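Participant: First to last, the sequence lines map onto chains A and B.
Numbered per this note's numbering, the first sequence spans residues 1 to 277.
Numbered per this note's numbering, the second sequence spans residues 1 to 377.
Calculated directly from the structure, the hints in this document are not laboratory data.
From a predicted model like this one, the values you see are computed outputs, not experimental measurements.
We put the beta carbon where it would ideally sit given N, CA and C, even for glycine.
Any given hint might turn out to be false.
Unchecked claim - Incomplete in silico selection of chain B near chain A, CB under 10 Å:
hint: 1; residue: Ile4
hint: 2; residue: Asn8
hint: 3; residue: Lys127
hint: 4; residue: Arg279
hint: 5; residue: Glu282
hint: 6; residue: Ala291
hint: 7; residue: Asp293
hint: 8; residue: Val371
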Amino acid sequence: MSKKKAAKRAGARKRGACTGKKNGPALKWQEKHRARAHRGHKYILEIEDAKKFYNPGKHNEVRALRGISLKVLPCEFISIVGPSGSGKTTLLDIIGTLLKPTSGKVILDGINTSRMSQSTRARVRRGKIGFVFQQYNLINTFTATENVSLALRIGGHSKHDSEKKAEELLKMVGLEHRMKQKTSLLSGGEQQRVAIARALANDPKIILADEPTGNLDTKTSKMVLELMKWLNIEKGYTFVVVTHDPEVTKYSRRIVYLKDGAIIKELRKTDHRVVKI
Amino acid sequence: MLDIAFRNTRRQRTRSILTILGIIIGIAAIVALGSISEGLNYMVEAQMETLVGKIIVHEKGASMMTAYSGSEITMEQVSDLEDLPGVKDVIPLVFHIMGTSGGFEFAQPDMAIGIEPEKQDYFKGEKVGMSEGRELEDGDTEVAITGSDYAEKYDLEVGDYVTVEDEDFYIVGVVEKSDNMDIDSSILIPLEELADLLEIEAYPFVFVVPEDIEESEQIAEDIKDSFEDFDVITAKDMARTVGELMTNIKVFTLGIGAIAAIVGGLGVMNTMIMAVLERKREIGVFKAIGATDRMVLKQFLSESAMLSVIGGAIGVILGAAGAIGIGVLSGFAASPVITPEIVIGAMVFALMLGLFGGLYPAIKAARLDPVEALRYE
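Sequences are here, hints too, so could you generate the full structure?
Facilitator: Here it is, written out as structure tokens:
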């Protein structure tokens with residue numbers, strides 16, 4: 001498919017199913033942010049020939065990524081799948097600015113993050129990226145509200161504002177009855193929903209999820225995936241999910257297959273055709 | 001984010017309490033020893049004030065530490081000293097230790113001091129008046145005046161009697177509190193009477209008062225030249241010796257306190273290193289959600305500073321209470337003096353311990369690779 005056609009199709013999808021304003025009442029503060037969304041850039045994420053080598057040039061060199069190119073439009077829900085050691089998590093870490101690529105470019109919301117300093121990358125993460133982990137990674141001695149508000153406080157919000165916004169987010173993910181509970185007392189599904197609320201705290205441009213259902217049973221997995229789907233469709237959040245779980249791929253509109261550090265194929269939900277090998 | 005730091009210190013409650021306890025012990029030691037040494041300093045300064053401009057004369061070989069025992073200055077020699085040019089007055093003194101007031105060996109002994117009544121102001125200071133009764137007067141016999149502490153301790157007032165070597169002395173006055181323990185803890189008796197009572201014919205030492213304070217060094221030299229058997233100590237010499245002694249005491253006491261506090265600081269470091277190890281994954285999350293290295297550093301430093309400041313505050317209170325308690329229970333001559341400098345100094349020291357103790361673990365936490373930290377099991 002030509003670039004022009006792909007862009008046209010993606011644009012159509014953006015205008016249709018994935019607009020928070022049209023499909024559901026976004027929170028006021030989110031609307032304000034969304035109004036400034038994407039700063040006129042067509043792609044929320046552009047990866048150009050990204051390579052990641054560990055111990056480059058040494059006898060124990062590991063080529064985790066061998067030249068990945070990927071473009072993500074706003075409001076997409078992408079799954080990255082592949083066997084262990086295929087480079088999925090490395091790719092997610094590079095998108096999330098936790099790692100720098102050895103070469104190539106990673107452009108997030110129009111900003112090239114691949115050569116940024118550690119502190120600048122931290123600021124990018126704070127404003128543009130939300131993380132959801134397999135292990136939830138919550139502070140168990142804190143309440144659900146405190147866990148979510150922590151992300152906001154790092155972003156410079158006051159304690160009062162942060163807790164207020166955290167409560168709004170927890171309501172949004174259906175945890176209004178668990179807000180004051182310590183997260184150690186919550187079920188796995190509830191903990192993952194708190195983690196999702198935390199990922200949404202700073203109204204990110206993209207949410208990166210690493211095996212979000214890896215620790216959950218089938219029923220809970222489905223509930224979490226439904227929530228992610230709702231956030232994607234109704235609230236317009238972009239998701240990139242690394243997974244082994246076939247259930248997750250059912251919720252994705254695009255599936256990227258990785259093997260030995262390279263993309264070997266891509267599937268789009270609309271046509272289920274292999275569009276790139 | 002200080003509230004979060006406080007919450008974090010409460011996560012491992014027992015460990016935090018033990019760490020704080022380490023700081024408490026160190027800071028309490030600094031405050032207690034510091035205020036005792038300050039009290040000593042204050043007391044010595046008060047003693048020194050009465051010596052300003054005076055020259056102590058004693059026989060060679062006798063030392064102040066042994067109250068010049070063995071030193072003998074005869075009445076004839078006192079007259080010769082009076083005849084020296086520039087000498088305004090010579091004050092012979094007799095000191096007689098009657099017993100100590102407490103079991104503690106540093107307790108100020110009860111003393112009877114023999115002094116010529118017309119010269120008593122040289123000894124007690126002109127500014128120090130009488131809180132009750134009158135001063136000693138020429139021709140007084142079998143009378144005494146008491147220092148304020150002595151009177152308080154034995155519940156004495158004008159009209160009571162005090163016994164020295166089986167001889168009763170009628171109390172005619174009580175001296176105002178002077179902060180000079182030689183006066184406050186003593187009774188003053190006319191010189192001749194005490195000398196007769198103790199059957200001594202010579203005095204262990206005398207004070208020489210120069211006409212001009214500026215000339216005291218010169219007069220001291222003249223005394224040394226004229227009396228080969230005598231040694232002299234000027235107020236300046238005394239100040240230097242006492243100053244050195246006080247500095248040594250201060251360095252020693254604060255040194256002990258500082259060692260204790262540094263051990264407490266190492267406790268903070270240990271606790272924070274453990275915290276970094278235990279919360280490695282959390283640090284990874286902290287960074288993943290946008291915390292910079294500096295933020296992580298600040299977070300851990302505030303936690304260690306919080307532990308040490310809490311320990312410092314409790315340590316200051318306990319140290320002050322301990323110093324006062326030691327002062328009261330031991331009957332130590334110098335009351336501990338808790339100055340704002342000691343309190344502020346101890347708090348600043350506690351904060352520094354926390355910051356230095358927490359610095360290495362905080363740097364370690366700040367430099368953690370977020371990817372590695374997130375995968376930490």
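Participant: Determine for every hint whether it applies to the structure shown.
Facilitator: Do the hints match the structure? See the list:
1. Ile4: With Cβ-Cβ at 7 Å, under 10 Å, it holds.
2. Asn8: Status holds, d = 8 Å.
3. Lys127: violated (59 Å)
4. Arg279: The hint holds - Arg279(B) has a Cβ within 10 Å of chain A, the shortest such distance being about 9 Å.
5. Glu282: Status holds, d = 6 Å.
6. Ala291: holds (5 Å)
7. Asp293: holds (6 Å)
8. Val371: Val371(B) check passes; min Cβ-Cβ to chain A is 5 Å, inside 10 Å.
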